[in-house]
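S.K.: Position chain Y relative to chain V; hints supplied.
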Amino acid sequence: MDIAIQAEGLRKRYGGKQAKDALNGVDLSVPAGTIFGLLGPNGAGKTTIVRILATLLSADSGEAGVAGFDVRRQPKEVRRRIGLTGQYAAVDERLTGRENLRLIGTLYHLGRSATRVRADELLEQLDLTDAADRPVKTYSGGMRRRLDLAASLIAEPPVLFLDEPTTGLDLTSRLTLWEVIRGQVRGGATVLLTTQYLEEADQLADRIAVLNNGGVIAEGTPDELKDRVGDDRLRVTAASAKDVIELTKVLSRFSGDEPLVDEERRTVSVSMTEGVRGIATVATELAEAGIPVADFQLSRPSMDEVFLSLTGDAPQPVAEGAVA
Amino acid sequence: MTESLSDSLALIGRHLRHLARVPERLLSVTLMPVMYVIVFGFLFGSAMQVEGGDYREYIMAGIFAQVMLANLQTTAVGVVDDLRNGLVDRFRSLPMSRYAVLIGRTVSDLLLSSIAVVVMAVVGYLIGWRVHTGVGNIVAAFGLLLLLGLGAAWLGALLGLSLRNVEAVSAVMSMVMMPLTFLSSAFIPPSGLPGWLQAITVWNPLSSVVEAVRQLFGNPSSVGDSSFPALHPVPVAMVLVAAMIALAMPLAARRYRTASAR
Numbered sequence: 001m002d003i004a005i006q007a008e009g010l011r012k013r014y015g016g017k018q019a020k021d022a023l024n025g026v027d028l029s030v031p032a033g034t035i036f037g038l039l040g041p042n043g044a045g046k047t048t049i050v051r052i053l054a055t056l057l058s059a060d061s062g063e064a065g066v067a068g069f070d071v072r073r074q075p076k077e078v079r080r081r082i083g084l085t086g087q088y089a090a091v092d093e094r095l096t097g098r099e100n101l102r103l104i105g106t107l108y109h110l111g112r113s114a115t116r117v118r119a120d121e122l123l124e125q126l127d128l129t130d131a132a133d134r135p136v137k138t139y140s141g142g143m144r145r146r147l148d149l150a151a152s153l154i155a156e157p158p159v160l161f162l163d164e165p166t167t168g169l170d171l172t173s174r175l176t177l178w179e180v181i182r183g184q185v186r187g188g189a190t191v192l193l194t195t196q197y198l199e200e201a202d203q204l205a206d207r208i209a210v211l212n213n214g215g216v217i218a219e220g221t222p223d224e225l226k227d228r229v230g231d232d233r234l235r236v237t238a239a240s241a242k243d244v245i246e247l248t249k250v251l252s253r254f255s256g257d258e259p260l261v262d263e264e265r266r267t268v269s270v271s272m273t274e275g276v277r278g279i280a281t282v283a284t285e286l287a288e289a290g291i292p293v294a295d296f297q298l299s300r301p302s303m304d305e306v307f308l309s310l311t312g313d314a315p316q317p318v319a320e321g322a323v324a
Numbered sequence: 001m002t003e004s005l006s007d008s009l010a011l012i013g014r015h016l017r018h019l020a021r022v023p024e025r026l027l028s029v030t031l032m033p034v035m036y037v038i039v040f041g042f043l044f045g046s047a048m049q050v051e052g053g054d055y056r057e058y059i060m061a062g063i064f065a066q067v068m069l070a071n072l073q074t075t076a077v078g079v080v081d082d083l084r085n086g087l088v089d090r091f092r093s094l095p096m097s098r099y100a101v102l103i104g105r106t107v108s109d110l111l112l113s114s115i116a117v118v119v120m121a122v123v124g125y126l127i128g129w130r131v132h133t134g135v136g137n138i139v140a141a142f143g144l145l146l147l148l149g150l151g152a153a154w155l156g157a158l159l160g161l162s163l164r165n166v167e168a169v170s171a172v173m174s175m176v177m178m179p180l181t182f183l184s185s186a187f188i189p190p191s192g193l194p195g196w197l198q199a200i201t202v203w204n205p206l207s208s209v210v211e212a213v214r215q216l217f218g219n220p221s222s223v224g225d226s227s228f229p230a231l232h233p234v235p236v237a238m239v240l241v242a243a244m245i246a247l248a249m250p251l252a253a254r255r256y257r258t259a260s261a262r
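Taken in order, these protein sequences are the chains called V and Y. Heads up: the first sequence at position 226 corresponds to 226 in the UniProt record's numbering, and the numbers run straight through without jumps. Heads up: the second sequence at position 107 corresponds to 107 in the UniProt record's numbering, and the numbers run straight through without jumps.
FYI, nobody ran anything at the bench for these hints, they're computed from the structure. Even for Gly, the Cβ is constructed at its ideal location relative to N, Cα and C. If a hint is listed, it holds; no wrong ones were tucked in.
Chain V is nowhere near these chain Y residues, computed Cβ spacing over 12 Å in every case: (1) Val118; (2) Leu146; (3) Val172; (4) Val176; (5) Ala246.
Partial list, derived from the structure: chain V residues whose beta carbon lies under 8 Å from chain Y: (6) Lys76; (7) Arg79; (8) Asp92; (9) Arg94; (10) Leu103; (11) Thr106; (12) Leu107.
These stretches of chain V come out as covered by chain Y in the derived footprint (C-beta under 8 Å, 3 or more residues): (13) 52 to 60; (14) 85 to 91.
Pulled out of the complex, with its shape left as it was, chain V reads as follows (with noise of 0.2 Å):
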C-alpha cells in the first residue's frame, strides 16, 4: 500500500527560557486511503507534529514527506496537496461563508468556475447553504469549525491534516464532521487527525499512535491498544456516591491490579481475568456488603483506560459535551 505521510526521526525544541523537546524522535507512517489518530494530552507534541507535516514549522532533524514530496525541500508541491484545518477556525470573520470558501478556492488556484462549483457544493455539504451568505461573524461556533473544515477541502486535497478538529463542538455538530471526514477517506483521501478525545480516535481511526512528553509511546489499531493493556474489565457503577468507597474496597479484592476509580459516574473497574465465574463471585459479594449497584458490566477495555495504563497519568480532563 501507498504511505501518504512519512515521518522518521523528527525532533524539534522550541527557544524560550524553559527549552524543552517538543518532539524527541517521532516516526510515524500512515498508509494512503486510511485515518491516523494522534492522541495524547496538552503539550504531548500533536500540534507539532502537525504543523511541521503542513509545512508550518521546520522540525530540528528528521525527514518527513507527505503525498510523496518532501517537506523541507518541496513545501510548495506539499502544499499544493495538503488541506490543514487548525484548533482555531481559520475564517475570515468580515466575509461571508461563501466569500471565504472562494477566496481560498482562488488562492488554491483552482481556477474561478471550479472554485464556485466547488464552494457551494461544500456549503451545501456541511450544511450552511441558509448561512452562505452572512458574514462569518453571525455564526455559532460549530458553524464556524464546520467552514473551516469545508476551506480545507476545497481543493480536495489527497492529504488532510486536522488538529482537534472537534474541540468544543456540539454532538450533532462533531457527528457531521465524523461523517464528512469519513467521506473523504471513502473517496481516497488520507487523514491525519489530533484529539483529545479518546472515543473520537476510537470511532474514527484506523490507526493511533498514543503520544506522551514529545514521543510515541503506542501505536497500533484501536483493538491492538485495547490489548495491550490486556484483559476485559468488569465496569461496577454504585447506585450512590457514599458507596464508591466501599464498591473499591470490595472490587480490589478481585484483581491484581488498582481500581480505575471514576467519582463522577460513580463507576470503579478493574481487569478481570476469571471471567463469568469471577463475576459471579463479585455478585455475591456486593449483594453480601448490601451496596447497591446501579450498573454491572464486563466489557473490552476503554480507551480511556487504554491511556491510563500507558501513560501511567490521568487522561486529559474532557470538555463539556464531549462524547460520552
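M.R.: Relative to chain V, chain Y alone:
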C-alpha cells in the same frame, strides 16, 4: 510572478470587501486627519507665525505625512489579527505566493490612507491651502508620501509579525509616534526651538520627508539650520524612504515565512 499578482489581488479584494462591509472604518480613517486640518490650519492658523508664508500652507505636509505614518499601526494591528485568528497559518499552508498576504495587506492599507489624503487635500484647499509648483513637483510630492506610507506599512507588518500581540503594538506605537511627530517639523517650525531640541528636530527623518513635501508643493518651509538634511530635504527624504522600504520588505517577508501566533 503572475501567481504572486493574482494572489495579491485576491487578498486586496478581501480587504476591500472588509471596507465595504465596515464603511465606518473609512470615516474613522479620514475624520481624524480632517479634524487636524481644521484645528491646526483653521484655528491655530491665525495665531501661528511661519517665515515666508501662511501656517495653513505650512501644516498640510505635516498632516499628510502623519496620516501615511499611521500605516505603521494600522498594518501591524491587521497582521496581528490575522496571526491570532489562525488565518496566517491557513494562508501559509496554501500553495500561494509567500509575499501575497503582506502585499495584499500593505497595499490595501495604503489605498485607505490615500483616500484620507485626497479628502484632506480637498478640505485643505477649502481653508486656503494652495500649491505653487508644477505638475511634476506635485506628482513627486504625492509619490513621496505614498512611498512613506508603503514603507510604514511594511515596517508595521514587520512589527506585527515580531510582537504578535495588539497590546505590545500599541505600547511601542505610543512610545514611537509622539516623539517622532512632535519632535519633527511636522507641526512646529524648528527655528523657534532651543538649540539642542532644534538639532533633534532637524535630524528627525520625518522632518526631512515633511520638508521635502513642502518644498515640492512650494509651501513655506522651515529650514531650521544649515545642516545637510535641512538644506537638501528632497534627496535625503527619497533615500530615507527608499531605505525604509528596502529594509522592511525582505525582513517582513522573512518573518512571515516562519510566522506563528505563539
